[in-house]
Amino acid sequence: MPDNDWPLWEVFVRPRRGLSHGHVGSLHAPDATMALRNARDLYTRRQEGVSIWVVPAAEITASSPDEKDAFFDPAADKVYRHPTFYDVPEGTQHL
Amino acid sequence: MLAKPSESCNTVEVYGNDIPGLLGEVEAAETALREAAARDTEAAHGEAAYFDAVIKADQKIEPRDWMPDSYRKTLIRQIAQHAHSEIIGMQPEGNWISRAPTLKRKAILLAKVQDEAGHGLYLYAAAETLGVSRDELVELLLAGRQKYSSIFNYPTLTWADVGAIGWLVDGAAIVNQVPLCRCSYGPYARAMIRICKEESFHQRQGFEILHTLSHGTEAQRAMAQGAVDRWWYPSLAMFGPPDADSTHSAQSMAWKIKRFSNDELRQRFVDMCVQQAGVLGLTLPDPDLRWNEERQAYDYTQPDYDELMRVIKGDGPCNRQRMAHRRRSHDEGAWVREAAAAYAKKRAADA
Numbered sequence: 001m002p003d004n005d006w007p008l009w010e011v012f013v014r015p016r017r018g019l020s021h022g023h024v025g026s027l028h029a030p031d032a033t034m035a036l037r038n039a040r041d042l043y044t045r046r047q048e049g050v051s052i053w054v055v056p057a058a059e060i061t062a063s064s065p066d067e068k069d070a071f072f073d074p075a076a077d078k079v080y081r082h083p084t085f086y087d088v089p090e091g092t093q094h095l
Numbered sequence: 001m002l003a004k005p006s007e008s009c010n011t012v013e014v015y016g017n018d019i020p021g022l023l024g025e026v027e028a029a030e031t032a033l034r035e036a037a038a039r040d041t042e043a044a045h046g047e048a049a050y051f052d053a054v055i056k057a058d059q060k061i062e063p064r065d066w067m068p069d070s071y072r073k074t075l076i077r078q079i080a081q082h083a084h085s086e087i088i089g090m091q092p093e094g095n096w097i098s099r100a101p102t103l104k105r106k107a108i109l110l111a112k113v114q115d116e117a118g119h120g121l122y123l124y125a126a127a128e129t130l131g132v133s134r135d136e137l138v139e140l141l142l143a144g145r146q147k148y149s150s151i152f153n154y155p156t157l158t159w160a161d162v163g164a165i166g167w168l169v170d171g172a173a174i175v176n177q178v179p180l181c182r183c184s185y186g187p188y189a190r191a192m193i194r195i196c197k198e199e200s201f202h203q204r205q206g207f208e209i210l211h212t213l214s215h216g217t218e219a220q221r222a223m224a225q226g227a228v229d230r231w232w233y234p235s236l237a238m239f240g241p242p243d244a245d246s247t248h249s250a251q252s253m254a255w256k257i258k259r260f261s262n263d264e265l266r267q268r269f270v271d272m273c274v275q276q277a278g279v280l281g282l283t284l285p286d287p288d289l290r291w292n293e294e295r296q297a298y299d300y301t302q303p304d305y306d307e308l309m310r311v312i313k314g315d316g317p318c319n320r321q322r323m324a325h326r327r328r329s330h331d332e333g334a335w336v337r338e339a340a341a342a343y344a345k346k347r348a349a350d351a
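Read top to bottom, the protein sequences are chains S and W.
Residue numbers for the first sequence follow this note's numbering, beginning at 1 and rising by one.
Residue numbers for the second sequence follow this note's numbering, beginning at 1 and rising by one.
These are computed hints drawn from the structure, not numbers from a lab.
Treat the hints with caution; some may be incorrect.
Straight-line distance between alpha carbons at most 30 Å, and here's what the computed DSBU-like set of lysine-lysine pairs gives [said to hold, decoys possible]:
{"id": "1", "chain 1": "W", "residue 1": "Lys-56", "chain 2": "W", "residue 2": "Lys-197"}
{"id": "2", "chain 1": "W", "residue 1": "Lys-56", "chain 2": "W", "residue 2": "Lys-256"}
{"id": "3", "chain 1": "W", "residue 1": "Lys-56", "chain 2": "S", "residue 2": "Lys-68"}
{"id": "4", "chain 1": "W", "residue 1": "Lys-256", "chain 2": "W", "residue 2": "Lys-147"}
{"id": "5", "chain 1": "W", "residue 1": "Lys-147", "chain 2": "W", "residue 2": "Lys-346"}
{"id": "6", "chain 1": "S", "residue 1": "Lys-68", "chain 2": "W", "residue 2": "Lys-106"}
{"id": "7", "chain 1": "S", "residue 1": "Lys-68", "chain 2": "W", "residue 2": "Lys-147"}
{"id": "8", "chain 1": "W", "residue 1": "Lys-313", "chain 2": "W", "residue 2": "Lys-147"}
For reference, chain S alone in the conformation it holds in the complex:
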């Protein structure tokens, strides 16, 4: 099956200058050049973007949902990372 040779690509589009690229979906293409062209045709038919990234899906390493708690919980007890943690004496300015 020749189709099996076409890897999956994840597509990221920057909607306008100044905004970051956001994930919009995925597609199959034989190589990066074709992935970019297909992404243009598939995801920006109505001028949805000014820049596109395509990334081979196989190259993405993702955290596992099963490990979500162990992975992210350590940040939960560090409230002192937020400015609201600190009491500011009344009358202090420009802090």
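Model the placement of chain W on the given structure of chain S, informed by the hints.
For chain W alone, coordinates are given in the frame of chain S:
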């Protein structure tokens, strides 16, 4: 007069079915998605309990989350059937690209058929996140083991049929699809939001074709009426069998894959078409169509569900033609796929 939306319906805006209404509802679904994402999920112990908590909180299940096997299978079946419908759905309209009456209408129709291809691809990509490959799905379609919407097995006999497809078929599809923007499976919901935003132009272009014809010569008006006469009942049948005979509904509702029953959506579609037919100056081919004050909805004649079953089973006017065409274009495209793959391999070897 438009029917009043019922209390239970959260797609109030769909009723006018004008563009702000439709897009308003899609926007609302998108906002709800963002708001739900911002909420904490109830603490739950174990995978199944977590799944239930996410569904209960109207949040989204994502590809790598645990999900019941039957949830996964139901979604694959539904999304694949939806994707196949978009791809097969290119044929009845594609039939008129070369014969569109003006260059402008040809360009519009081309853009519309290209959109259908795009919608098919969004949906195949959403199905793939559930662990099935695109090739498998294409094989299942070509082998006749997965279905596509029965509506595309009817022929487009005149140019007015392109208008009727846009108004009635895309109109029915929108009524079906807007609630899917709130589906519990994230990739499907996001694909549907995108599709619905694009779909709004499809229905308008169909309506405009019929409006132009119905205000043209007597022959043009007759052509428009003929198309509406032929597409009305098959469009009603698009919502599937009546609730009493619908096999997949209850579980899909519990999982929030589906939000409204077949009969609820069909009623909503009828209610919105009556007023629009008036604007078009065309008649819906149902002598028993009348406003029911008590129900605050139109009474109407049900489509022939035996015919629907026959068409689904393969005996519609165009089933064989549609499948033969799809197989032929898949086969005839093989060399393109092979050449692209060979070129990519060569380039990778050179690098």
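Against the structure, the hints:
no.	hint	result
1	W:Lys-56 to W:Lys-197	holds (27 Å)
2	W:Lys-56 to W:Lys-256	holds (9 Å)
3	W:Lys-56 to S:Lys-68	holds (20 Å)
4	W:Lys-256 to W:Lys-147	holds (22 Å)
5	W:Lys-147 to W:Lys-346	violated (38 Å)
6	S:Lys-68 to W:Lys-106	violated (52 Å)
7	S:Lys-68 to W:Lys-147	violated (38 Å)
8	W:Lys-313 to W:Lys-147	holds (9 Å)
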